[in-house]
Amino acid sequence: MDRRDFFKTMLVAPLFTPLLLASKTTKNELELYLIADQPELFISSLLKELEKYTADYGRNFTFLNSHPQEGELERILSQKEWRYVQKPIQADLTLSFSHLRQKALPSFTLVREGRIWDIRSRKLYSLWKKMNESHNPSSCLTIASFKNRQIGSFAGESVSIYKEGRKIKTISLEENLSRSFRTKGGTITAMIKDGKAWVSDSSCSHKICLYSPPVSLAGERIICAPNHFLLEVQGSHSIDTIIG
Amino acid sequence: MAKKLCLFLLVCLTLSFSCRYQEKWHTATLLYFDTVCEIRIFCSGAAFKSALKEVHRIFTKIDTHFSPGSDDYSSAIVFNLFQRALQVYHDSDGYFDITVGPLSRAWGFLTNSRHMPTPREIKSILKLIGMEKIREEEETLILLPGMELDWGSIAKGFGIDLASQSLMEMEISRGFINAGGDLYCWGENPDNRPWQIAINHPRKTGYLGVLSISDLGAATTGDYQRYFIQGGVRYSHVLNPHTGYPPQGKQSVTVCGPETLLCDALSTALFVSTQPEKILEKYPDYGAIIADSNGKLSFIGKAYPFK
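Taken in order, these protein sequences are the chains called H and L. In terms of the numbering used here, the first sequence opens at residue 1 and continues consecutively. In terms of the numbering used here, the second sequence opens at residue 1001 and continues consecutively.
Everything labelled a hint here was simulated from the structure, so no lab data went into it. Computed from a prediction, not measured in an experiment: that's the story for all the values here. Any given hint might turn out to be false.
DSS-like cross-link-like pairs, simulated, lysine-lysine; straight-line CA separation at most 27 Å [unchecked claim]:
(1) H/K103 / H/K129
(2) L/K1296 / H/K193
(3) H/K87 / L/K1307
(4) L/K1302 / H/K48
(5) L/K1127 / H/K87
(6) L/K1302 / H/K87
(7) L/K1302 / L/K1278
(8) L/K1296 / H/K48
One-sided excerpt, in silico: chain L residues whose CB lies under 10 Å from chain H [as the list claims (entries may be wrong)]:
(9) P1145
(10) M1147
(11) P1202
(12) S1252
All C-beta atoms, glycine included, are put in the ideal place defined by N, C-alpha and C.
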């Protein structure tokens, strides 16, 4: 698969668009997009190749949503001196997974500050070739995102739910619960657990909200357009003064 | 006609009074202690003027008595702060020590000629270090020849406490004073919430996190503001009074608690000490956020809201 095909494939993944847009507003962010049903086979060697570009980041990682092999992924990364943490605010690397609408050959690409990033590395090139040649088409897209968590990313305190543009509820992120909301287009269910919030069920047709990774940082949101539904994390954005 | 004029004057007078006495948020940026001081208080315009005068009076006093090179050992204010420093000296097993003056001088941190002294130099200077070497006679401090006091890790906190206390006595019920990283805040912030105090990241742009506090002081000691790098090792201006060398192993320590003076002194003590928990056991109202040499955060002592 060449790069153009890679992007065609990615674009049909419902997750891609919102994430690419999100990555444009933040600086210093590095993202690895990996298509493979078994990300655990490739993730550690890919991260190793990126090591010299990621030295500024810490070594804490977390999963934003679940993957059948997440236990194995956690084990492999822990062996490579990565530390698993529960809350995304503590993580330097977050892994999220989503389904592609159609299967594609395993491959990967790097995005930095919203742009495709070429690293001239023989190892990465041979890995790409090997993945393409010897593995079956896959439908799982893994997004490994390095976050400069010190810059502008603060843990949220609560989740505000908007329906038809009006705020109808605010729930603390400390709670563990699931709530269903009746909307114009049907119903939508939001889950809050371990300081993260996500949409666990929706009657809409696109299911973009359903595939959106959980949110936890102030300002992050999940939108369901057909349902006129918006979930937004509220936090202490404003800082009065700085010390140190 | 005269009546109308009287009424007009009355209205003008009331208006100007209400302007003068209407409370709102005021901010001022001042230069003291070789650093930028930020003051934000909620009060009337008139009160703001007198508040600034008062802060100026107190900070100037602190600057005169406690600047490097000051040899005033008998003023009441000096004697007073010495007693407070002595207490922290004992409680921290000597990790907080205002007699490090000659050491800071040898490392060139006082004269801006930073370099590493020879081990022999350090060894001979260490004989001049230790607060128990100072005698107190009739409210005067007697130092050994060659000894020099460095008030840098306690005077700013002291000044902020005095100034904020004074402003509160003027019935200014909300505000903060932030003098180059040492801070006291009281009442609620403009959003009617606790004050949101961001702590600078010791290595990157951005913050370690945000303290959400009220009626509390906070102070940070780090290895990133005054330092030099030699042979790949970072030597900070904070020196270990026991060894004569800058401690390794921490990037920054922020202490939060009721008195800025103690926050200031304790942040230095915890930064230098290898057993910071032990020191904080004696200060149950104080808590610390420590960034180790890998930037990893740990929290010891009393927990204050931090995100």
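Comparing the hints with the structure gives:
As the CA atoms of H/K103 and H/K129 are separated by approximately 18 Å, the hinted pair is consistent with the 27 Å bound. The straight-line distance between the Cα atoms of L/K1296 and H/K193 is roughly 25 Å, inside the 27 Å bound, and the hint therefore holds. Distance hint between H/K87 and L/K1307 is fulfilled; the C-alpha atoms sit about 12 Å from each other, no more than 27 Å. A threshold of 27 Å between alpha carbons decides the hint, and for L/K1302 with H/K48 the separation of about 39 Å lies outside it, so the pair is violated.
Straight-line distance between C-alpha atoms of L/K1127 and H/K87 comes to about 50 Å, which puts the hinted pair past the 27 Å bound. At roughly 22 Å between alpha-carbon atoms, L/K1302 and H/K87 fall within 27 Å of each other, so this suggested pair holds. For the hint linking L/K1302 to L/K1278, the alpha-carbon distance of about 13 Å falls within 27 Å, and the restraint holds. Our distance criterion of 27 Å between C-alpha atoms is met by L/K1296 and H/K48, whose separation comes to about 21 Å.
With a least beta-carbon distance of about 37 Å to chain H, the hint placing L/P1145 at the interface is violated under the 10 Å criterion. Proximity of L/M1147 to chain H is violated relative to the hint, the smallest CB-CB distance being about 30 Å (cut-off 10 Å). Evaluation of the L/P1202 hint against chain H yields a held restraint, the C-beta minimum of about 7 Å falling below 10 Å. For L/S1252, the shortest C-beta to C-beta distance to chain H is roughly 6 Å, which falls under 10 Å, so the interface hint holds.
Going through the hint list in order, the structure does not satisfy hints 4, 5, 9, 10.
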